[in-house]
Structures are given as structure tokens and as C-alpha cells.
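Novice: What follows is each chain in one-letter form.
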Amino acid sequence: MTSRERILEAVRVRKPAPIPLPDPRPPASTPASVDGFIARVHAIGGQVERTARRRLAEVIALRYPSATMVASTVPEVVGSISLSAIQNPHDLAALDLLVLGGTLGVEENGAIWIGERQMVHRAAPFLAQHLAIVLDEARLVSDMHAAYAAIRIEAEGFGAFVAGPSKTADIEQSLVLGAHGPRTLLVLLVPVADVLPGL
Amino acid sequence: MNGHPSAAARFLADEARADWHDAALWFVREKRDRAAEAVPDWEALRDRASQIKEHTLSHLDDYLEQFERQAARNGIVVHWAHDATEHNRIVLDLLRARGVRRLVKSKSMLTEECHLNPHLEHAGVEVVDTDLGERIVQMRDEPPSHIVMPAIHLKKEDIGALFHEKLGTEAGASDPQYLTEAARRHLRSRFLAAEAALTGVNFGVAETGSVVVCTNEGNADLGVHLAPLHIASMGIEKLVPRAEDLAVFTRLLARSATGQPVTVYTSHFTRPRPGAELHVVLVDNGRSEQLGRSDFWRSLKCIRCGACLNTCPVYRRSGGHSYGTTLSGPIGAILSPGQDLLRHRSLPFASTLCGSCTDVCPVKIDIHEQLYRWRQVVAAAGHVTVGKRWAMKVGGWVLRRPRRLRWAGAWGRRLLRLAPAGLLRRLPWGRRRDWPEPATSTFQEWYRNRRDSR
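Chains E and H supply the protein sequences, listed in that same order. Mapping the first sequence onto our numbering, position 181 (from 1) lands on 181, and the numbers just tick up by one. Just so we're on the same page, our numbering is the position in the second sequence counted from 1, plus 1000.
If you are wondering where the hints come from, they were derived from the structure by calculation, not from laboratory data. Some hints here could point you the wrong way.
Unchecked claim - Heads up, simulated EDC-like pairs for lysine to aspartate or glutamate below, C-alpha to C-alpha not over 20 Å straight-line:
#1 Lys1155/H to Glu172/E
#2 Lys1031/H to Glu116/E
#3 Lys15/E to Asp1158/H
#4 Lys15/E to Glu5/E
#5 Lys15/E to Glu1068/H
#6 Lys15/E to Asp1366/H
#7 Lys1301/H to Asp23/E
Stated by the list, open to error - According to the in silico footprint, chain H covers these stretches of chain E (three or more CB under 8 Å from chain H):
#8 69-80
#9 157-171
For every residue, glycine included, the Cβ atom is placed at its ideal position computed from N, Cα and C.
In isolation and in its complexed conformation, chain E is listed as follows:
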């Protein structure tokens, strides 16, 4: 008997009597609030700037004057290196800044969903010293139920909710931003009007 069979058999014999699975939760009726999302990102140690798409490059240049190695997967911002030209993610060890697009923002906790395609290299958003995520305000949802209803986690090989800069409180419960991953997180919120055609 293999361990697989042994475990499955033990579970089959010993599991409790069937208990029903609750139905999927009905979607929240409350629409997401932009102000609520901004307050939440601030509370978890992130920064927010509302800006039109055409001003993105300018904002990045102003915010990160000393960043030398910059990668971007957002068409409006041109980096100093191209992620797709890099074969080995170890070559991103010195990455100062990564600018990428987020799929979805969650008001209740400030988390933003990022899929593998947007990262190009899965390691990039974790290696970068600073991370900037561009997110359309139209892509905000109120809570995690709405978020999981709007994405398919298996659509890409890897995807993550990112909520603020990396942090730790492992030394005497003192909060320190910048544990292993990015030291700062900037969310660039693009107002709804800006994405309408003709503006």
C-alpha cells in the first residue's frame, strides 16, 4: 500500500458525517469608495497619488529622482531596463524601482491583485527596492468576496494580492517597513474620467 492509498483510506474511514458546504456569498451591494481605499493604503504603510495616465512618467521622475535601475511594464513609463530582455531573475537583484499595472484594488484592506503577466518575472515585485502600482479607479471593489469573484486565480501560473510595502514586527513588535521586499509602495490611482475615450 502506498502512502497515498494509506492516507486516503484512513481519511475515508475516519472522516465525520457529511456537513453541507455553504452557498457562495451573494455579492456585496455597496460600491467601493475611492476615499476608503486611499485611507486603507495609507493605514498599511503605502502612499497614494491620484494622477492622469499622461502624467505618470512625470510623477515617477519626481518621486524617485535617485532611482537608477528602473523597470516598467506600464506603457506610459519607460524604464532603464527591459524586463522581457532579462533571462535570469537574479539579474534584477539591483532593481531600484518597478512600475507595474494592478488588476484590481480592494477597499477593505488596500490590497491590489497582480498577475504573473504584469510582473514578467515573478521575482521582480519582491526584489525591487521600491514598487509603484498603477491602478484605474474603476477597478476598485469593496471587499475580498468581490475581489475573488472578479478574478480567476488559476488564469495565470502565479498571482498575488499585494497590500503595502513589505514589513515585519518580529523585533519587539516594532513595525519596520522594508523587511525583505520593497521598502515603499506607491499606488498611482488613475481617475475614472481619464480612461474614458476622448479625454
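With chain E fixed as given, assemble chain H onto it according to the hints.
Specialist: Frame of chain E; chain H shown alone:
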């Protein structure tokens, strides 16, 4: 008496430090309260989480097979480990076959339970725990003292001295920001040098064959996205049926653990990185046995948030190491006796049965009731001390008949006037207590007098 009481006595010998530990954990408990109160449907969410977990456990064989099928379709290699030994062998075989000598690990209570690190180190593999708290306790060669805050028993001065010795930080420096920066630089070099990365698993999703890992530091991601091999060790009870169920658990986990609205990173792995390998090791190690215990199977709902530790008056005042188990606190005290009753016989008694653990548990495990039931199992197996056994026998005999109780009460009051304070101090329970003031009359006498005088 050995076990928890004597270990707790050692912890309490440094009273100032014990007070500090108590306050540090209560602070986390208060953060949890604020986070929970900010969610309007918190109680409904707990109910839902409990139902989803109970449903999954009652169909666990089906979900395990579904998970395996989906994961395999995604290119994940699934392994099955009956016990800790087999888990460790599978991991070592994977590393050996690829010539791996440097492994980075993110937090995994399961690999602590399996004692994986010493096994790999014996075989010549360098194992680096990368969660800051875990790295600290690894450098000190001790186990984590808390599920989510492994180094909560240490003060920043302890860590400053440790880093001075191990990482060459300035002598006497204890600023958390400075020490974290030193650890960041140290561990970056290990991430970049690792040939394999091992993580735990917070949730496995049966319908998609994905595994979800939650961290604040980003250490799990840095490890696995750089190394060519990712091994994820997962207890068989970690499954949820559907991706949407993750919404329920991600809303509860961090709020219950640290009071954050969500962990910084909630990473979903469905397929290996192009050119890399992803292996999931499903581990039983006593879980299927626990599933068959009608009084205790609900303990398998646990999502390892640590809320029951932070709120527990006994944990806060005795520290995680006093439990002598991988999982300490109330949840450790109901999961460990099932693995080795004799060894962990003192743990169900490391509780006041106040029920605070049950109140904060995000998946509504009836923790204090299970503690009470484990006490009965321990007593029935004859694992209580002679003194406790006789005290319970005498107590039971006295309480069984009202006349005996009245008689014992009368004698008790008389003896109490004569009892020297030193006698009480000799009993473990009475060490910090005084005898109560003897009542002048019993309630019954008082009531009778009152009635007669009307």
C-alpha cells in the same frame, strides 16, 4: 511535577520579563479586537469559515484527490507523506537528486513539527529560515515560541547581542529598524544564493489545484521566485473547496493574527515558474487519526493565526517554550495530546478554561471544551499525579452528598482559623495566595437565621 508547570515556573522566575511578555501579547490581542470590530459581519464570517472547514474535513478524501488531479494538470508534482519521517525523506530526496546544498525556507509550522531542519543539516544541506523571527530563533538554536511571532519571547537587546555576534552589527545596538536592515542585507545574499526554496502552505484550493502562501515580509516569494525548485509542505487539513472560499479566510487570518486587514502578500501558486519545478508534499502525520476522534476532530479547522495564544492568560504568563511542543498555547494543547498523550499530558491543564480562546478563534474551534475533554482522557489513562488523583477522588466523594459537604464545610472553617500561612505556600496553587478569611457562618445558617427572625 514536570511538563508545563515546571517550565512555566522557570519562565516566571524573571518577573519583569514575564510581565513584559504578557503585555506585548495583550497589545496584539487588542489590535485583533479593533480589526474584528471594524468588520460589520465578523460573526457571520466566523460561522462561514467554520462551516467551510467542517464541510471540507467531512469530505477530505474527495478534496485531496481533486486537489491532486488539478495540481498535476497544472504541472505541480504532488507527493504523499504518511508521517514526519517520510516527509523529511521526500524533501531530502528532491534536494539530493538536484544536488542542492543551499535551501531557504519561509515559515512552516509543519516542517517544525517534522523536525526537518536537523534532518537536512545532518545530510549536509545548509538551511536558512528567512522569516526574520524564525531566523532569530534559528540563530539561537531554539524553536519558535509563537505560531506567527516566533521571537516574541525576546527583547530587542537580546536580538542586538545576537546580531552583533552573528552578523557583526554594532555592539549594544538594539534599534529594530537598524537590526532589521542588517537582517535584510544578510538574507538577501542567501535568497540569491539558494538552489531551492521551501514554504509552508496556508490554503490549498481543491478546485484549481493552487496553493496559497501568506507572508508580511515577502520572504516566501523572494525564495521561490529565484530558486529553480519550490517545495511546498502542506498538512492535509489545509484544503478549501473553492477559490472564492479564500475570501472568507483571507479576511479572517491577518485580522485575527496581528490585527492587520490582510497580510502584505497573499501569493497564489497554480503553475510552476517557466523553467522551474513546483512540488507539493501532502503530510498526514497523525491528522487522519485526529479526524477520527469525535471529540477532537474540529481542532483540524485551525488556520494557525495564533489568536488563541495572544488572548490566553496562561500562554501570556508562561511563554511558548513552556509547552514543549511545536504548536504552543491553547491550540497546541488540544492538538499535541493526540500525537503523544503521555508526553503532553500536562498541556490540557495549562488553562483556566476561561474560554477566551474559543471566543477569538476565527474558525470557531471549541478549544476550551476540547481542553476539558482532553483532561478526562488524560485522567482515564492514569496520567495524572497521585496528589491530583486523590484530591479529585476526595472532592468527588464530598460533593456527592449535601450532608458531607456541610460537614466538610464546618470543619474547613474551623481548620482555616488554625492553618499556618506556610502550609498554603507549600502547595503549587497557593504559592502566591493567602488563606481566605473564614466566614462566621454558612449561607444556610445565615438564611435560616434571617427567615426565623422575620
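Novice: Checking against the hints above, which ones are violated?
Specialist: 2, 3 and 8
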